[in-house]
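As a plain string of letters, each chain reads:
4 protein chains.
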Amino acid sequence: MELEDVIKSLRDFRDRRNWLRYHTPKNLALSIIIESTELLELFQWTTNAEEEIRVLDEKRGEIAEEIADILIYLLYFCDVAGIDLEKALREKIARNEMRFPLEGK
Amino acid sequence: MELEDVIKSLRDFRDRRNWLRYHTPKNLALSIIIESTELLELFQWTTNAEEEIRVLDEKRGEIAEEIADILIYLLYFCDVAGIDLEKALREKIARNEMRFPLEGK
Amino acid sequence: MELEDVIKSLRDFRDRRNWLRYHTPKNLALSIIIESTELLELFQWTTNAEEEIRVLDEKRGEIAEEIADILIYLLYFCDVAGIDLEKALREKIARNEMRFPLEGK
Amino acid sequence: MELEDVIKSLRDFRDRRNWLRYHTPKNLALSIIIESTELLELFQWTTNAEEEIRVLDEKRGEIAEEIADILIYLLYFCDVAGIDLEKALREKIARNEMRFPLEGK
Numbered sequence: 002m003e004l005e006d007v008i009k010s011l012r013d014f015r016d017r018r019n020w021l022r023y024h025t026p027k028n029l030a031l032s033i034i035i036e037s038t039e040l041l042e043l044f045q046w047t048t049n050a051e052e053e054i055r056v057l058d059e060k061r062g063e064i065a066e067e068i069a070d071i072l073i074y075l076l077y078f079c080d081v082a083g084i085d086l087e088k089a090l091r092e093k094i095a096r097n098e099m100r101f102p103l104e105g106k
Numbered sequence: 002m003e004l005e006d007v008i009k010s011l012r013d014f015r016d017r018r019n020w021l022r023y024h025t026p027k028n029l030a031l032s033i034i035i036e037s038t039e040l041l042e043l044f045q046w047t048t049n050a051e052e053e054i055r056v057l058d059e060k061r062g063e064i065a066e067e068i069a070d071i072l073i074y075l076l077y078f079c080d081v082a083g084i085d086l087e088k089a090l091r092e093k094i095a096r097n098e099m100r101f102p103l104e105g106k
Numbered sequence: 002m003e004l005e006d007v008i009k010s011l012r013d014f015r016d017r018r019n020w021l022r023y024h025t026p027k028n029l030a031l032s033i034i035i036e037s038t039e040l041l042e043l044f045q046w047t048t049n050a051e052e053e054i055r056v057l058d059e060k061r062g063e064i065a066e067e068i069a070d071i072l073i074y075l076l077y078f079c080d081v082a083g084i085d086l087e088k089a090l091r092e093k094i095a096r097n098e099m100r101f102p103l104e105g106k
Numbered sequence: 002m003e004l005e006d007v008i009k010s011l012r013d014f015r016d017r018r019n020w021l022r023y024h025t026p027k028n029l030a031l032s033i034i035i036e037s038t039e040l041l042e043l044f045q046w047t048t049n050a051e052e053e054i055r056v057l058d059e060k061r062g063e064i065a066e067e068i069a070d071i072l073i074y075l076l077y078f079c080d081v082a083g084i085d086l087e088k089a090l091r092e093k094i095a096r097n098e099m100r101f102p103l104e105g106k
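Going down the list, the sequences are from chains A, B, C and D. Residue numbers for the first sequence follow the numbering used here, beginning at 2 and rising by one. Residue numbers for the second sequence follow the numbering used here, beginning at 2 and rising by one. Residue numbers for the third sequence follow the numbering used here, beginning at 2 and rising by one. Residue numbers for the fourth sequence follow the numbering used here, beginning at 2 and rising by one.
If you're looking for bench data, these hints aren't it; they were derived computationally from the structure. Ideal placement from N, C-alpha and C gives every residue a C-beta, glycine not left out. Treat each hint with caution, since some may be false.
Said to hold, decoys possible - Okay, the calculated bits of chain D under chain C, using three or more residues with CB under 8 Å as the criterion: (1) 4-15; (2) 28-36; (3) 57-71; (4) 89-99.
One chain only, chain A, in its complex shape:
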């Protein structure tokens, strides 16, 4: 799957429904939070690692959907904001290597 093809397909989905007018940067940013919170909600009352693993096992399908929703809104945000996601990712990974140097490296 090429990212470019996914973005084209998402754009097409949005535009055939005439939803671009709702896709302001702010609305997309808060949509990312809304979907992320739905993911976190699955772990709301866990108090140890075993319970988290049980959630992973029992809610696998729901988790995959929330994850996909987050990514979809992230891609829509990048589309309206004119952000190159792959470039942003590469640059951030490089920056993190600088910010958190390994001792004795």
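Got chain A; can you put chains B, C and D on it based on the hints?
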């Protein structure tokens, strides 16, 4: 950039710092929210579209970093949860086509 | 309504259900976010002030419930964390006066 | 401290700075999330109860400030939305008693 290579690089970054122990699914889910909120914070007090566009123009670098941070934690989440992100995305896109049918289609 | 009475009533509700074990500070902090996000979700796709006012009109009951949920988790958080909410509020209000001085004052 | 006095003081603070124009319901709802996320961030990487308690001990002042910020935005939200917070709280507490009945009661 292949997603598989990015994931390998992120795993390597994490493991050389011995950070896997902090990467519980719950901690990664809430880290996605933390980064998303930093993105939204840039738009906290805007009240119209023009102001949102000004934020996009003036904070381009910061926005790209927040976007990358969200994706990085999303990838780390998928890694510990054993979720295939590309498959989740493809399936969700297909499901959305069913959930929001086009009239007259 | 005295705050002290509300807190007693909330404690009683929680303890009769044996829920204190789930009420870790972290779980309560994220529960505040979960409820706040449910409030924000009502405004997810608005793009101007008129639409926000329409949401206020049409979802009044739901909004009041989300608001109450946020406050309830805030009070539970203060209870387990040993925070005096009224004191915290008074001190923060005083601090804000210092942080944002009025010009010509 | 009477809630009514606090609200008057908050209104006065806001209006002398001419900030009401930024206080749309949506902006206040997302401000509640922003402050809640700052609270949660203090617990971002904890993995057990002891670490949460250590955060409570070491960040007491910061926690109290975040808590106050959440409450302040909640009160501002209620002010612009015309919500009676005490009434909303009382009604929600009563509703929760119905929703979560005690067995054998």
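Structure-based check of each hint:
no. : hint  : verdict
1   : 4-15  : holds (count 4)
2   : 28-36 : holds (count 4)
3   : 57-71 : holds (count 9)
4   : 89-99 : holds (count 9)
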